[in-house]
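Position 66 (the sequence shown) corresponds to 67 in the working numbering; numbering is contiguous.
Hints were generated in silico from the structure; no laboratory data involved.
Take the hints with a grain of salt, since some may be wrong.
Between beta-carbon pairs, the in silico distance windows are [unchecked claim]:
id, residue 1, residue 2, range
1, P151, Y9, 23 to 31 Å
2, K50, G286, 32 to 40 Å
3, S16, K50, 26 to 34 Å
4, S213, P193, 38 to 46 Å
Just so you know, even glycine gets a beta-carbon here, dropped at the ideal spot from N, CA and C.
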Amino acid sequence: MAMRNLFYNKGIFKSTEFTLPIIAIGNLSTGGTGKSPQTEYLIRLLKDKFRIATLSRGYKRKSTGYVLADANANASLLGDEPYQFYSKFPDINVAVDADRTNGITELLSLEPKPEVIILDDAYQHRKVKAGFYVLLTAYGDIYSDDYLLPAGNLREGRSGAKRADVIIVTKCPSHLSGAKKQGIIKKLRPLPNQKVYFTAIAYDTVVYNGVSHLNTIEVKAMKKVLVAGIAKPQPFFNHLKNENDICLIYPDHHDFSDKDIKDILAAAKDKIIVTTEKDYVRLKGKLPSDKLFYLPIKTSFLDRGDEFDKAVLDFIADYK
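Based on the sequences and whatever the hints tell you, model everything.
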């Protein structure tokens, strides 16, 4: 990885730069930093101002090559996260392609073509030179305290953080003191041009199933089965569970098999099933719709969110 980055930095390996603003979101670790909520934050910020598109590789999808989401899209075709984007924001272009250069070229052939492209999980995809890099690191597991695989969870060395325009510490407690923020910033050692922001996960006050919804206060008191196939599910469980609940944990981006569905139903019996938004797009249609609910989440800046928004909008306005 160090040699690969050196070759890109020296121009031995070539990066393609495009003639429109491209924002890349990613991390140095193997996952669990909240890329999807941050991508959705940018979609909400930009979708009413610009024609935007998202481009992901479509992790664990069953299709290959470039795919543009349409009415026939599903999680198998796009991958769970891109399908989630398309389900929530059907008016934007959502595409997947492991070859981001080709994917951007395909998006630019659309009429009308996008004015801004958001690259999801593309921090290490250096074949494309984005104009604005957003690096995420999770509170309690910041990259400056971590090590490269297999000793730790980093897929790229800490020096890769130098490419970031902004660094966001995600999944923070909602009341994080100024002293603790300064302690984290000191550990991260940002460059003079890099801004550091802090965000928390904001849970919705209701769970949904596409037809009806339940208040989360009511749900917390109910007997239920909680299902999660995400990188770090404990906060989800902690937010909803009570002592009578059953918590079922599966690997990140898990493709639920027939046996998994039988196991979930056997555990549920007369209980409702509550899952994460990302898991819902893979479980929808496999479990009874009246029993299956999901809990939406959003990224919430602890402070200076307007400053982050302005940095993104200024980048787009000033892009040449």
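The hints, checked one at a time:
| no. | hint | verdict |
| --- | --- | --- |
| 1 | P151 with Y9: 23 to 31 Å | 24 Å, holds |
| 2 | K50 with G286: 32 to 40 Å | 35 Å, holds |
| 3 | S16 with K50: 26 to 34 Å | 27 Å, holds |
| 4 | S213 with P193: 38 to 46 Å | 52 Å, violated |
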